[in-house]
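Full structure from sequences and hints, please.
In order, the protein sequence lines correspond to chains A and B.
So for the first sequence, the working numbering puts the first residue at 1; every next one is plus one.
So for the second sequence, the working numbering puts the first residue at 551; every next one is plus one.
Hints were generated in silico from the structure; no laboratory data involved.
Keep in mind it's a predicted model, so treat the numbers as computed, not measured.
It is possible that some hints are incorrect.
Here are the computed lysine-lysine pairs in the DSS-like style, where the Cα-Cα straight-line distance is at most 27 Å [unchecked claim]: (1) A/LYS170 with B/LYS588; (2) A/LYS496 with A/LYS414; (3) B/LYS670 with A/LYS37; (4) A/LYS178 with B/LYS609.
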Amino acid sequence: MSAFQVVDLTRFVPELLLGGCILFLFIGDLLVRDERKKRIFLTALALAGLASAAAAVIPTFWGNVQAALGIESYATQDIVAAFSGQVAFDPVATVFKILFLVITGVAIFTSLLSDELPDRHMGEYYALLLSITFGMFLMASANDMLMIYLGVELVSIVSYAMAGYRPRDKRSSEAALKYVIYGGAASGVMLFGISLLYGLFGSTELTTMHHAIVSWASRGELPVVDGVIATAKLFPLTVLLAIVFVFVGIGYKIAVVPFHMWSPDVYEGAPTPFTGFLSVGPKAAGFALLMRFFVGLFVADGQNGYAATDGFMAMAIDLPLPAMIGIIAAATMTVGNLAAIPQTNVKRLLAYSSIAHAGYLLMGFVVLSVSSLHAVIFYLCIYFLMNMGAFAVCQAVRDRTGGELLHDFRGLGKREPILAVAMVIFLLSLTGLPPLAGFVGKFYIFAAVIERGGYWYWTLALIGVLNSAVSLFYYMRVARAMFLTEPLTDEPLRAKRGYLALSTVLVVPVVVLGLYWAPVSESIRGSLAFFRSQPMSAAAHPSVVDVREP
Amino acid sequence: MLQSHLPLFLVLVVALGLGVFILVVSSLVGPKRPSAVKADAFECGNPPSGYARERFGVKFYLVAILFLVFDIEAVFIYPWAIVFSDSTRGAGTLSPLLVVVEMVVFVGILMIGLAYAWRKGALEWGPEHGKGLETTTAGH
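What follows is the structure, encoded as structure tokens:
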């Protein structure tokens with residue numbers, strides 16, 4: 001633990017640039033009078049902020065990838081926890097930050113096009129959107145329960161406001177209210193879990209708790225807090241309880257069963273560009289946080305500073321965490337897919353599909369191996385492309401027809417063939433059919449689960465495959481409406497050019513990554529190193545915990 | 551851990567005990583001469599007008615938020631002043647200049663917030679100004 005150092009700020013440059021951009025957006029909102037010009041000006045300003053943050057992140061990312069390829073060695077000063085160990089700066093955080101910046105960039109573009117967002121509110125809208133990105137950055141690099149909570153709350157509270165963004169729209173207000181109530185309850189439970197962890201370990205720092213868990217697993221030593229030793233009988237149970245409570249808070253962010261109830265209503269009621277963002281951005285940040293939390297606490301230190309690759313050390317200490325996460329993953333994908341089948345509102349359908357995808361992604365956490373963590377990040381990158389693409393098409397249809405029901409998609413194949421074809425490609429990729437990117441992503445996840453071996457893991461993978469087959473049914477209902485039903489009118493849709501351009505831009509990587517995914521996959525593989533400090537007693541020097549194979 | 555929190559518990563116990571003590575003793579010992587004026591609702595010394603459960607302007611919500619922001623600012627400046635005075639005497643590790651710059655950044659951000667609220671009309675609460683606000687009064 002060291003006090004605040006000015007040098008910490010130099011690592012925080014991307015976040016500071018985002019923060020500065022948020023302030024400029026507020027000022028810019030006041031400066032420009034003409035509302036149409038204001039929209040363009042503020043969009044440019046927000047994109048400039050993102051670009052400057054990206055310019056600050058990319059060199060670090062590139063350095064990490066080169067180090068992984070063996071071209072250079074890690075600059076160890078680049079893998080640290082700054083601000084008294086609260087925020088970790090390591091390759092995993094960096095790769096997530098790049099993903100978040102790209103997601104936000106696409107979201108800004110869809111927001112610019114949308115008819116649902118009035119010109120006069122764009123300043124606030126973009127400022128809030130970038131605040132969420134800032135919060136996601138904190139979530140991806142949190143190294144302390146306090147920072148985890150702060151990141152989650154920053155993202156949540158701003159999301160509540162954004163969900164109710166359509167003025168005087170009852171569904172939008174309903175969405176916001178439901179979201180607030182669910183979010184408040186979940187974060188309360190999570191705080192309780194954090195307080196239990198603090199009581200058990202005497203610290204909120206992930207690395208300190210990790211070292212306590214290591215000595216418990218390897219030598220049976222229980223942590224001593226303020227001279228009091230934990231009760232041997234109750235300790236594992238209380239740890240499990242605390243983990244479950246924290247999982248409630250994160251699980252609500254990524255919308256897993258049984259904390260998913262808010263998501264269909266919120267997705268339906270929120271403005272569509274924000275729904276698209278919400279379904280990938282905060283979800284990816286939630287998975288980043290889950291990764292930090294579980295790897296930070298439960299992945300053992302391996303030899304030569306590498307982490308062991310055999311997943312939960314918790315197995316050695318009789319915590320049923322893999323079983324718990326496995327059951328939640330299976331329940332999440334099954335409930336999500338089954339509930340999606342009868343939907344007639346495409347936004348709601350995509351909401352349930354995104355719940356199902358949270359289930360697939362959660363499978364990676366059952367195993368918690370190098371290949372599964374790699375698969376989760378890789379799948380998040382691909383999921384973002386196809387899901388935001390599907391929402392962009394949905395938005396284009398909504399802007400012209402005023403609705404987003406299956407009914408409104410009828411005959412889209414004739415009325416706007418480019419959008420319809422793009423939508424089919426996104427949906428097939430979401431199903432996970434080759435040769436599209438979604439197949440590669442799912443393949444990596446299932447492979448990581450099967451690789452672990454054992455009856456239960458094979459069952460879980462089988463459930464995942466069966467669920468993918470079920471999902472084909474409801475995705476194809478949308479395709480059927482677009483191509484096989486009689487259109488209500490033959491008149492062309494005349495969607496804005498921007499939507500055509502955007503869906504084309506998103507279709508290309510979905511197709512290309514299905515055939516040639518090595519660069520993305522390898523740079524993620526090269527970024528799988530987590531910050532971890534030595535035990536307090538051993539040394540004050542931090543070390544790198546690299547979960548890649550030695 | 552328990553021992554370090556003992557003073558806190560003592561304060562709680564004393565506070566609770568004192569409150570209960572005052573209420574009980576005054577109800578036992580105090581003279582009881584009720585009158586119509588005494589039984590009235592207390593409204594800052596004025597004769598009460600109207601019924602308490604009525605709708606009032608949602609604008610007050612905005613006033614409360616603004617108050618909260620600047621209130622927190624004041625609270626934050628107090629500990630900052632201690633750190634600053636330590637740093638001028640060379641007691642802390644931080645240079646006084648850095649400490650001042652940090653506070654300037656903080657107050658600067660708040661100033662932008664004030665300018666924004668002002669320009670957006672959050673500080674105009676007369677009936678003729680309320681039109682500019684997104685959240686106009688409910689009722690009346």
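Each hint tested on the structure:
no., hint, verdict
1, A/LYS170 with B/LYS588, "46 Å, violated"
2, A/LYS496 with A/LYS414, "16 Å, holds"
3, B/LYS670 with A/LYS37, "18 Å, holds"
4, A/LYS178 with B/LYS609, "24 Å, holds"
Violated hints amount to a single one, hint 1; each of the other numbered hints is respected by the structure.
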